[in-house]
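K.L.:
Letter by letter, the chains look like this.
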Amino acid sequence: MIQGMAMTETAYSVQKLRKIYGEGEAAVHALRGVDLDIPKGEFVVLLGPSGSGKSTLLNILGGLDRGTDGDVRFMQHDLAAMSDAELTRYRRDHVGFVFQFYNLMPSLTARENVELVTEIASDPMDPDEALDLVGLDHRSDHFPAQMSGGEQQRVAIARAIAKRPTVLFCDEPTGALDSTTGRAVLRVLKDVNERLGSTVLVVTHAASQAAMADRVVHFADGDVREVIVNETKSTPDEIEW
Amino acid sequence: MSPLTRKLFRDLWRIKAQAVAIAMVIAMGVLMQVMMTGLVTSLDETRQAYYDRYRLADIFAYVTRAPEPIVADLRQIPGVAQVETRIMGSALVDVPGVDAPLQAQAVSLPDFGDPRLNDLYLTDGRKLDGTRPDEILLLKGFGDAHGLQVGDTLAATMNGARRTFDIVGLVQSPEFLYTIAPGEFVSDDSRFAVIWAARSTLAAAYDLDGAFNEALMSITRGTDPAAVMDAADRILDRYGGRGAYGVADLISNRFITEEIGGLSRTSGSVPLVFLAVAAFLLNIVITRMVQSEREEIGLMKAFGYSNWQVGGHYFELILTIAAGGALLGCVLGIAAGRGMVDLYLNYFKFPFLVFRLDPSAFVIGVTASILSASAGGLFVLRKVFALSPAVAMRPAAPPDYSRSGRFGAAAARFMDQPTRMVLRRFTRQPFRMGGSVVGIAAGLALSTAMSSLLANFEYMVDVSFNAIDRSDVTVTFTHPLERRTLFELERIPGVIEVEPVRDVAAILGRGVKTYRGGISGLGVDSRLYRALDANERPVFMRSDGIILSTGLASILGASAGDILTVDVREGRQPVVDLPVVAVSQSLVGAPAYMEIEALNRALGEPLRVSGAYLRIDADQSSQIYNALKDRPNVAGVSLKSDARDALVKLVDEGPGNMRYVMALIAGIITFGVVYNAARIAQAERSRDLASLRVIGFTKAEVGFVLLGEIGIVTLLALPLGSGLGYLLTFVVAAAFSTELYQILPIVNPANYGTAILIVIVASALSAWLVKRDIDRTELVLALKTRE
Chain A
1 MIQGMAMTET AYSVQKLRKI YGEGEAAVHA LRGVDLDIPK GEFVVLLGPS GSGKSTLLNI
61 LGGLDRGTDG DVRFMQHDLA AMSDAELTRY RRDHVGFVFQ FYNLMPSLTA RENVELVTEI
121 ASDPMDPDEA LDLVGLDHRS DHFPAQMSGG EQQRVAIARA IAKRPTVLFC DEPTGALDST
181 TGRAVLRVLK DVNERLGSTV LVVTHAASQA AMADRVVHFA DGDVREVIVN ETKSTPDEIE
241 W
Chain B
1 MSPLTRKLFR DLWRIKAQAV AIAMVIAMGV LMQVMMTGLV TSLDETRQAY YDRYRLADIF
61 AYVTRAPEPI VADLRQIPGV AQVETRIMGS ALVDVPGVDA PLQAQAVSLP DFGDPRLNDL
121 YLTDGRKLDG TRPDEILLLK GFGDAHGLQV GDTLAATMNG ARRTFDIVGL VQSPEFLYTI
181 APGEFVSDDS RFAVIWAARS TLAAAYDLDG AFNEALMSIT RGTDPAAVMD AADRILDRYG
241 GRGAYGVADL ISNRFITEEI GGLSRTSGSV PLVFLAVAAF LLNIVITRMV QSEREEIGLM
301 KAFGYSNWQV GGHYFELILT IAAGGALLGC VLGIAAGRGM VDLYLNYFKF PFLVFRLDPS
361 AFVIGVTASI LSASAGGLFV LRKVFALSPA VAMRPAAPPD YSRSGRFGAA AARFMDQPTR
421 MVLRRFTRQP FRMGGSVVGI AAGLALSTAM SSLLANFEYM VDVSFNAIDR SDVTVTFTHP
481 LERRTLFELE RIPGVIEVEP VRDVAAILGR GVKTYRGGIS GLGVDSRLYR ALDANERPVF
541 MRSDGIILST GLASILGASA GDILTVDVRE GRQPVVDLPV VAVSQSLVGA PAYMEIEALN
601 RALGEPLRVS GAYLRIDADQ SSQIYNALKD RPNVAGVSLK SDARDALVKL VDEGPGNMRY
661 VMALIAGIIT FGVVYNAARI AQAERSRDLA SLRVIGFTKA EVGFVLLGEI GIVTLLALPL
721 GSGLGYLLTF VVAAAFSTEL YQILPIVNPA NYGTAILIVI VASALSAWLV KRDIDRTELV
781 LALKTRE
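First to last, the sequence lines map onto chains A and B. At position 171 of the first sequence the residue is numbered 171 (our numbering), and the sequence of numbers has no breaks. At position 293 of the second sequence the residue is numbered 293 (our numbering), and the sequence of numbers has no breaks.
It should be emphasised that the hints constitute simulated quantities derived from the structure, not laboratory data. All values derive from a computational prediction rather than experimental measurement. Some hints could be false.
[Claimed, not checked] Pair ranges (Cβ atoms, derived): (1) A:A85 <-> B:L757: 45 to 55 Å; (2) A:G197 <-> B:L757: 48 to 58 Å; (3) A:P49 <-> B:E296: 49 to 59 Å; (4) B:F431 <-> A:E86: 36 to 46 Å.
[Said to hold, decoys possible] To be clear about the criterion: a stretch of chain A counts as covered by chain B if any three or more of its residues have a C-beta under 8 Å from a C-beta of chain B, and this derived list gives those stretches: (5) 57-69; (6) 98-107; (7) 115-122; (8) 128-138.
C-beta atoms are modelled at their ideal positions from N, C-alpha and C, and glycine is treated no differently.
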């Protein structure tokens, strides 16, 4: 159903989105009526302290969770109205995920972890090409237990981009990494954004990473505090760690 | 309550379903152990108390006719405490509404006073009045089966003379705890009567005035019964002594002994399988728990808890589950035992049978559960000890598949990634997966092997009544008659075919091994009653030697070509040496066969028959039974249809219920193993599974990654369990075969089908329970937790 949709400049359009966990006195308002548009093809960084709601928004946009009320549209399609099976289809065809703790399958080698996705995607790239993009083509037959954290994260990125995703979501992708490997990961994300044209959404609480984004969304207390469009962007290597 | 204790209870609550599944496996093992040893104790002790209180004789000696004064000689035998003589005779009784005459045994009681040995337990009415010759006491089981009560009358034919008796009392007797009509397989209360009458009454009926035909003896403690029997035989030989025998050979007692033996053997083996499976399950469940709680363990150690305190905490968890299961097993075992006691009272006519829990059964059951659980726990302790606080508090490295996960390139080409994930679980943890496979296979094997006992009963009914005995009616004469008597039977309207049989009592011996049994003489080409080989082909009777049944051959350790010493205990009591010429398959008892005239020649009594097999026209059965009843020489008439019905009823009521027990065994073990395996796989991989969902895998595809493992474990267990069950069938057959029943290792495909179906259903059920949880998993939560 999502195929053949009209071309538009806006990837996501969010209006009055609220997310409430729990009920009554114990209710936690994770999102308090967020309004946000994310243009297609941009590199977007969501910044904010812990508990500000940025990960909640990412999860809803990624089709992992649903808002309590409000409107969420992906290229004019209402995510809130999709069934579980439709959301699965949406993730399968359009969304790539990169997690803080990599979430690789320990029983599959690097290439097999990528193949896990290419086997089910509609227009995937060659798994070796994806690993080449992250600079790990020489380690494709290694299991996760044989790789460093940075390498595991790059495999995770290769897995996420191998389907040529419309959107790439990254939740604290460098949170568990040191500066050198962290920069390498950011370079790959930047590369994907530029070469594949994927919209990239990075959630982080490291403010310095905002410098490399097209657009920076500041979060606080469950709402968007400020949206800054960078006229000039830094390269990953210029970022302070 | 200490924090660790509180954690213990919360952990238990968290894994309650798994804990219950394991506790159930333990409970099943303990249930069987407690129930069976309790039954052994109950049967054994009640039997002993009953024998003691009612003074059951230690030695029985049957003679043709011995003068009463000979008692003085018997009393002189060293070690003899009491001697009682009595008259035993076969009789036919008429019960209103029953066409066929029913076989009965008449037993004498002293005209005055209680018998010195083999006293009776009076349940209704009163004892005999010595001055009234028409009074009898009737075995309660028979009375109940026919609704006969005190005050009713019963017509009996003794030695050809028919008379009517008044039933003045209903009794139970330690000598007839289990009654079985001569020549039949199983007990049937309604078709075999025992009546007690005054000595003078039976002396007149059986022409034994001033004489007796059975001596009962009790011996003093410490006396060797064999020496007393030898001495008694020497005294009684010239009066037609059939050879004294001990209470161990008393038919009623032998059936109870064998039942007790079967229970003991089962209680010593089957529960162990359950406990071993439970130990394995506890091990994997708690190991998993320790893995997932490594940070807590590190923290506790960092706070200063010792290795023993932390290890003890997990050990307590194991012990709590084991003890819980064991206690549940004890309670259920007592309940099941009480139920079984009622069932046993249908077969063994004890005046009372209270289920007595042998305290040692309880102790053994609980101890064995705890020990086996502890064995599973020791490995866990080792893991806890090995964790250093610093290492424990860092996240675990991803499980390493690099050494175990390589497939051949050729094999890999045909596999998609989810399939590889499933298969690599096996290559990485072959012992755990193997353990699961063996556990399920053990349940399946146990179920199928025990069910083979049931198949054996069905086979026995089929072969006994359709292949070996093809007659409709068996007639037994009061004593051996001229063969031409059979012509008179042939002339009864409706009788189609008559074949002779000559049964003689004999002690068969080979070296030091002897067996008190008999030889059946049959015609060379006997058609209505045949000896069959293992392939159900007839074994023809031979004049040059004796044909042994497999049961007897194994008792005597004899095979074709061996020479047996046959000590005939009838007529002129010759002792002859006969060669074994063939071995035939036997299912019940330990018969021996010979060509009828050769047997008669050995006895020096040509052309004699002791009974006949009849084929009759079913429409005229009533008239035929009436005609047989009126013949003075007829001691017993046994109808095959009745005997078969009795056997089928017995199987359905008793062993038939075993079907459900065995289904439960397979079901509970499978559920315990599969459910735990699935739960652990789910816990270990919840993050992997959530990641797959996030990447875009559907619920069904994720389900395959998790449940494919369970499917493979179950599929591997099916052939292994069936194979083990097949082998175990032979072990069970050998273990349960006795002198009275030969259990053949019979494989009934239907039993395998049922057991396999139960395993699959139990497996599918546990898979479904776990799958339901995966479907409910919140993706976001699963991703956040670091595992």
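K.L.:
Does each hint hold? Answer for all of them.
P.N.:
Here is how each hint holds up against the structure:
A C-beta distance of roughly 33 Å is found between A:A85 and B:L757, which places it outside the suggested range of 45 to 55 Å. A hinted range of 48 to 58 Å holds for the C-beta pair A:G197 and B:L757, which are about 56 Å apart. At roughly 28 Å, the beta-carbon separation of A:P49 and B:E296 lies outside the given 49 to 59 Å, and the hint is violated. Between B:F431 and A:E86, the C-beta spacing of about 43 Å keeps the proposed range 36 to 46 Å intact.
With 4 residues having a beta carbon nearer than 8 Å to a beta carbon of chain B, the region 57-69 of chain A meets the requirement of three or more and the stated coverage holds. Against chain B, the region 98-107 of chain A contributes 7 residues with a C-beta closer than 8 Å to a partner C-beta. That satisfies the three-residue criterion, and the hint holds. Remark: the region 115-122 of chain A is confirmed as covered by chain B, as 6 of its residues place a Cβ nearer than 8 Å to a Cβ of that chain, reaching the required three. Three residues within the 8 Å Cβ limit are the bar, and the region 128-138 of chain A against chain B gives 0, so the coverage statement is violated.
Of the numbered hints stated above, those contradicted by the structure are hints 1, 3, 8, listed in ascending order.
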